[in-house]
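Asker: For reference, the chains in residue letters:
Number of protein chains: 2
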Amino acid sequence: MQNSSVDHSDRSVVDRTLKIFGCFNVRNTALTVSEISRSSGLPVATTYRLVSKLLSWGALERAAGNKYSIGLRLWEVASLAPRHSMSRTAALPHMLELQKETNSSVFLSAREEGDGIWLESFWGDGVPYDGSCIVGNRFPLYASASGQVLLAHADPAVQGELYSRGTRAVTGRTVAGSLPLRKLVNDVKRRGYAVDDCEPCDDLSGVAAPIHGGCGSVVACVALCGSSADGSPHQRVKPLLATARRISRELAKLQGARPPSQRRGLDHRGS
Amino acid sequence: MQNSSVDHSDRSVVDRTLKIFGCFNVRNTALTVSEISRSSGLPVATTYRLVSKLLSWGALERAAGNKYSIGLRLWEVASLAPRHSMSRTAALPHMLELQKETNSSVFLSAREEGDGIWLESFWGDGVPYDGSCIVGNRFPLYASASGQVLLAHADPAVQGELYSRGTRAVTGRTVAGSLPLRKLVNDVKRRGYAVDDCEPCDDLSGVAAPIHGGCGSVVACVALCGSSADGSPHQRVKPLLATARRISRELAKLQGARPPSQRRGLDHRGS
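Quick mapping for you: the protein sequence lines, in order, are chains A and B. 1 is the number of the first residue of the first sequence in our numbering; add one for each residue after it. 1 is the number of the first residue of the second sequence in our numbering; add one for each residue after it.
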């Protein structure tokens, strides 16, 4: 057992390491040591030392212009996050089937604290791929059907924090004010799905439904989204709910079972 | 600037943190503190302290049975890894198109040191989704068309290491021995694609081609794989090479450009 001053130092180095990871986001995917130092508030020498260590393990990689970016080795470890990998494994075949059946776009998301995160996205013909809803990106919990489903099944503390913080208008249809949002969230929970009609974006409408894990709690959300010119989003409810049920059943099976066993050798089924 | 003993301690804490990440793999997605301690070789008290810190940041999450798993917050940061996110963004629409056109399975992979890693996979009707080629999993660089393409464009040091280490038979068709593998790799590089006919698996055959980044170097590999009953894998070469060219062009554009700009608010185009 180490003494408490070493404990403290350990914690602070872990903190610094995580601070370095936290400097990277979708707008800053490659940074110099000086930029990391400025963004993290760590001294340049400390930053340089930590960056070198993270580089040699593969948590960071060299990028053009003396910059560093997140390394594939870190992605490899992080892709084991069960909330990502299990939801994705359970959802993937059903999402692709729904996309094929409806020709609309299908999205998978989960909540992380007070935001949603896109876990997976497949674009249908009706919704051209435009680089939005980037996998790994965050989105607000109130301005889309996906967000509203995740919010409806969030802890009361997360809901309360959002109600007191208030919403920021995304379009003219964004639900504003604590009381209307509370009502909306209760409706979504009671009904079992959310509908947005041109709410997050003028020309798109969609529906979203919760995915239940093995223990019954909501762990993710699946959404079906298309051009608002293709009719009412309510027409999408039935196939979406059937898909959400299939994914929930698959997930319960996965969570009850051991992770997929390795094939002989490694994974060499593909080409 | 800190003194060298503190430098040394800093580095060792970063090492310990990364050691904890390294305990998780596809067979061990949820671990107790004792299991992490055993697997990392760190004392239980140190492990407990570091795990608590990683938990509070979201790099780890609680799982059932007093276990811990990789957290969604770490996945969020790691999904920024350009070798994953850029390749995927450039490849996704073209992979889906190829899958639709051929009804076969399409895979995206990259090399990490001496192994391949599956970055993305879409199953066609001819190849039922069976949980293999799990995104994030490693595979050997010699026993499949994807591996052979990645090996053909690897640094000579990586190739040399593999030639001297030797291959392990995956099926009766695995290329064995340094000399035949060298010849194969040279052929793949010269020809611009690799073919495997029931090599990684009895009932599947496929083709793989390199994806070039903006600077011309090979950064990833795309493969098209289907049932060997559906004819010779050579029939798949033409559509695959066209797709690889489209993805390479897209990637060069992305690497020359800034990352996709954020929409107003966050990403709220989806539902």
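Please keep in mind that the hints were generated in silico from the structure rather than gathered at the bench. One should not assume that every hint holds.
Remember, identical chains collapse to one label, so a pair may be satisfied in a single copy or spanning two.
Taking lysine-lysine pairs in the DSS-like style, the calculated list, with each CA pair at most 30 angstroms apart, reads [claimed, not checked]:
1) K238 - K253
2) K67 - K19
3) K183 - K100
4) K238 - K189
5) K183 - K19
6) K238 - K100
7) K100 - K189
8) K67 - K253
9) K67 - K238
10) K67 - K183
11) K253 - K183
12) K19 - K100
13) K253 - K189
14) K189 - K19
15) K238 - K19
16) K100 - K67
17) K183 - K238
18) K253 - K100
Since the model is a prediction, treat every value here as computed from it, not as a measurement.
Asker: Each hint: holds or not?
Answerer: Taking the hints in turn, this is what the structure says about them:
1. K238 - K253: So K238 and K253 pass the 30 angstroms test inside one copy only (23 angstroms; across, 40 angstroms).
2. K67 - K19: both (17 angstroms within a copy, 25 angstroms between copies)
3. K183 - K100: neither (34 angstroms within a copy, 42 angstroms between copies)
4. K238 - K189: So K238 and K189 pass the 30 angstroms test inside one copy only (17 angstroms; across, 50 angstroms).
5. K183 - K19: neither (38 angstroms within a copy, 47 angstroms between copies)
6. K238 - K100: For K238 and K100, the Cα distance is within 30 angstroms both inside one copy (15 angstroms) and across copies (25 angstroms).
7. K100 - K189: Cα proximity of K100 and K189: one copy only (28 angstroms, versus 36 angstroms across).
8. K67 - K253: Classified as between; 19 angstroms across copies, 44 angstroms inside a copy.
9. K67 - K238: neither (49 angstroms within a copy, 37 angstroms between copies)
10. K67 - K183: Neither. Shortest intra-copy (48 angstroms) and inter-copy (37 angstroms) distances fail the 30 angstroms Cα cut-off.
11. K253 - K183: neither (34 angstroms within a copy, 46 angstroms between copies)
12. K19 - K100: neither (42 angstroms within a copy, 42 angstroms between copies)
13. K253 - K189: Within one copy only: 24 angstroms inside, 43 angstroms across.
14. K189 - K19: Answer is neither: 36 angstroms inside a copy and 42 angstroms across each miss the 30 angstroms cutoff.
15. K238 - K19: Answer is neither: 44 angstroms inside a copy and 47 angstroms across each miss the 30 angstroms cutoff.
16. K100 - K67: neither (41 angstroms within a copy, 38 angstroms between copies)
17. K183 - K238: Cα proximity of K183 and K238: one copy only (23 angstroms, versus 56 angstroms across).
18. K253 - K100: both (24 angstroms within a copy, 29 angstroms between copies)
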